[in-house]
Amino acid sequence: MQCCAFVLQLYYQVLNFGMIVSSALMIWKGLMVVTGSESPIVVVLSGSMEPAFHRGDLLFLTNRVEDPIRVGEIVVFRIEGREIPIVHRVLKIHEKENGDIKFLTKGDNNAVDDRGLYKQGQHWLEKKDVVGRARGFVPYIGIVTILMNDYPKFKYAVLFMLGLFVLVHRE
Amino acid sequence: MNTVLSRANSLFAFSLSVMAALTFGCFVTTAFKDRRVPVDIHVSRVMLKNVDDFTGPRERSALGFVTFDLSADILAFFDWNVKQLFIYLSAEYTTRSNALNQVVLWDKIVLRGESTKLNLRDMKSKYFFFDDGNGLRANKNITLTLSWNVVPNAGILPLVAGSGHVSLPFPDMYESTKSY
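Protein chains in written order, with UniProt numbering: chain A, 1 to 171; chain B, 1 to 180.
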């Protein structure tokens, strides 16, 4: 009976863990639907928007179609072919009657606009490059993500400690 | 509660929850605030040229020059949850090729604690006012608006437009003078 009780407890813990992971996933996917953005929460990675945003700040994004892109908004975009999202402000927009829009961005802390960052020959960004518009902001919380990216040993140490904790903690 | 480690642990957890509650409080108390402020904009000089757009696509486009005066009192904006204001003057107009164009002419960052009275005279635009094409000539209606992006300590990032805006027409002829 001892081994039965042990197996049951292990089973229960695995299920518990699975519940936590799937609830987190559901919340994340739900956020993606509600905000219309493929990445509704991003961490600021560079200092090009100081003093407004520093590395490690968290941004909440929306990307709803009925919210048109206008100057002054803070957009998070990806340049075609590159993975890293960039957080900058819209400087110029030209929109056609059918809704096609092309726009230019610039970081607050940069002296020049972003044309140097875009692809070779690309002068404007389009709606498809946008991940979302920043609507809300919480400072410092994202520092953990940056630490984990910059120091992979830290990431493994945290994962190891978490695993150890889950195994040892029997309640 | 009798080892240093468990005390430190509960202290840490408590301070984290207090900080989270404070942050949430900051957000909730200023989320629905009406942030409009009257603004006075006056344009003293407008000029138009037609040159190759050297900032980007190298086509011959209209380049506008606007000299303006600006005054506003933004003290009302700063409350406990405002870290800085990003103020920008934008020009909005319609052309034959584009239904809506918006160009930021000038911007400024005002941090918490800095002087809150804006009183600028004879300011030249900070950024080149290039049109996408040649739609500025004889354009009757270019609207200049002062807007601001409120960056909070934590919470919503609203974009507010000032209540005074100026409409001005652009001249019918391009100028070829070297100076501005």
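A couple of the hints might just be wrong.
Said to hold, decoys possible - Examples of chain B residues lying across from chain A (beta carbon under 7 Å, computed):
id, residue
1, V82
2, S147
3, V151
If you are wondering where the hints come from, they were derived from the structure by calculation, not from laboratory data.
Built from N, CA and C at the ideal position, the CB exists for glycine as well.
* Hints that the structure is at odds with (numbers, increasing) -> The structure conflicts with hint 1 only, although it agrees with all the remaining ones.
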